[in-house]
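Peer 1: Sequence:
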Amino acid sequence: MVAHRELSVEDWLAIVRRRLWWLLIPAILCAVAGFFLSLVLPKQYTSHTRVLVEAPIVPDSYVKPVVSDDLNRRLASMQGEILSRTRLQHLVEQFGLYKDVNQAPMELLVNRLLSRTRLQHLVEQSGPSKDADQVPMEVLVDRLQKSIEVTPLSPTPGTLSPALLGFNIDVTLGQARLSQQVCTEITSLFMEQNLRRREQQAEDTTQFLAKQLDDAKAKFDEQDAKLTTFQNQYVGAQPEDEQTNLTLLTGLTPQLEAVTQDLNQALQTKAFAESMLSQQLAAWKSSADGRSPQTLQQQLSDLQNQLPLLQARYTDKHPAVLKLEEEIAELQKRIQDAPPQGQSQSISQEPKASAVEPLQIQEFRAQLHQADLTISQRKKEQEELQHQIKVLQGRIQLSPTVQQEFKALTRDYQTALNFYNELLKKRDEAQMATELERRQQGENFRVLDPPSFPERPSFPSRRLFTLAGLAAGLGLGAGLAYVAESRDKSLRKLQDVEVYLGLPTLAVIPSMESARRKDIVAHMVARSELPALGTRRARVR
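Residue numbers for the sequence shown follow this note's numbering, beginning at 1 and rising by one.
Just so you know, these hints were derived from the structure itself, not from any lab.
Have a look at the derived ranges for each label pair, beta carbon to beta carbon:
1. Ile25 to Glu93: 47 to 53 Å
2. Ser188 to Arg438: 16 to 22 Å
3. Ile335 to Gln388: 51 to 57 Å
4. Gln332 to Ala258: 34 to 40 Å
5. Ser486 to Glu10: 14 to 20 Å
6. Glu274 to Ile335: 23 to 29 Å
7. Ala225 to Glu383: 34 to 40 Å
8. Glu485 to Pro152: 48 to 54 Å
9. Lys99 to Ile25: 40 to 46 Å
10. Thr315 to Glu257: 18 to 24 Å
11. Ala55 to Glu93: 34 to 40 Å
12. Tyr314 to Ile335: 25 to 31 Å
All residues carry an ideal CB built from backbone N, CA and C; glycine is no exception.
Model the full structure from these sequences, guided by the hints.
Peer 2: Here it is, written out as structure tokens:
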């Protein structure tokens with residue numbers, strides 16, 4: 001093939017025809033090698049199971065779940081815990097995994113075979129080693145981790161929910177029965193771990209809320225005690241009593257004025273009764289001592305002088321005015337009925353003998369006693385009303401300060417009450433959710449497909465290895481054919497000659513020879529003409 005010439009499709013087809021065996025032989029050999037390699041490599045069996053996430057039996061609207069973390073993160077956390085060294089080491093020891101070297105991964109087997117090939121004579125000389133086939137536990141655990149694959153299920157097409165629907169568990173080992181057993185054990189660990197984790201989280205949440213509820217109850221009781229003490233201390237002076245106090249104060253003020261007026265009137269009545277009593281006593285004593293009617297006339301004159309004063313102060317219908325008019329009329333009658341001067345001595349002896357006060361004097365004494373009782377009662381009522389008014393005025397003056405303190409206490413009390421009720425509700429919900437988890441009626445894992453028993457090995461696949469060998473052989477053959485074609489300097493077409501000589505074609509003489517003879521002649525002519533053509537080309541230039 002001459003370089004620096006663009007190849008057409010016909011050129012490529014010609015190359016393929018010439019180098020066909022260069023392509024077929026490596027392809028066939030590599031395909032056969034891939035097939036036999038699939039027979040030689042240790043077989044790996046994969047057990048598969050699918051686990052779905054079931055919704056709680058009781059709807060969330062009735063019992064709110066306590067465990068509400070993301071299922072993807074929970075699955076990753078459980079996967080890290082279940083596939084830890086401690087758990088997997090127990091599985092390795094329980095099922096006796098990787099005791100046979102044929103169960104090792106492919107790369108370990110290849111390396112071990114190569115090592116035995118290179119050092120076979122050393123092994124024969126030194127004898128078998130006890131530790132030659134022993135593998136550290138860390139390596140076995142790492143192999144088992146790589147053999148277990150947990151993949152979440154993709155959301156259903158057409159849904160926007162990012163919630164985890166479930167996950168697949170695949171376990172790949174050298175024996176079908178072992179892979180199924182280990183897959184069953186891993187699935188059981190996921191189921192148990194999910195139940196244990198959810199129940200533990202629910203119990204921890206309930207205990208935390210219970211402790212917080214106790215603290216909130218203590219704070220609420222403290223605020224309630226403060227509010228009760230405040231209410232007992234300021235009875236009647238609280239904000240809701242302000243309007244009542246104003247109403248009471250408005251009603252007590254007229255009562256105090258009326259009582260004060262009654263007290264003043266009783267004092268005036270008492271003063272009048274005392275004055276009249278003293279006059280009547282003087283008149284009675286004078287008449288009892290035998291005094292002349294001039295004494296009665298003097299008393300009448302005094303009473304008549306007092307009458308205008310009372311009429312100026314009171315009306316004509318006032319009891320004091322009427323009483324004074326009756327006394328004046330009585331004195332006038334007594335003056336008219338008075339005995340002569342000679343008989344006064346005998347008459348004057350009668351009061352001494354009888355020593356009984358007249359009816360008017362008794363009436364004045366009764367009036368005086370009644371006035372004293374009225375004055376005492378009105379003073380007592382006045383003091384009580386003044387005390388009540390003073391208390392109400394003090395409450396009204398203290399109301400702004402009390403109202404401010406009451407607002408602060410009420411705000412703290414209401415905040416503590418709301419926080420306590422909220423925690424109480426959450427604690428009750430957490431207890432119901434915990435009981436739901438204990439009964440395994442919450443969100444659970446359900447095995448949809450039990451761990452399968454692999455009837456065919458998942459690795460190596462004879463078909464895939466054969467196809468891979470065939471593809472590799474074709475690639476290798478193509479590379480070899482390209483290298484061989486690049487090193488071939490034969491001139492097979494007119495374009496090759498033109499490119500090689502750098503001259504255009506002037507004429508083409510058809511050959512009538514046979515194909516084989518034509519090739520031989522063309523080859524000989526080309527060899528003989530090459531120096532002459534080179535000289536001619538140099539001259540032309």
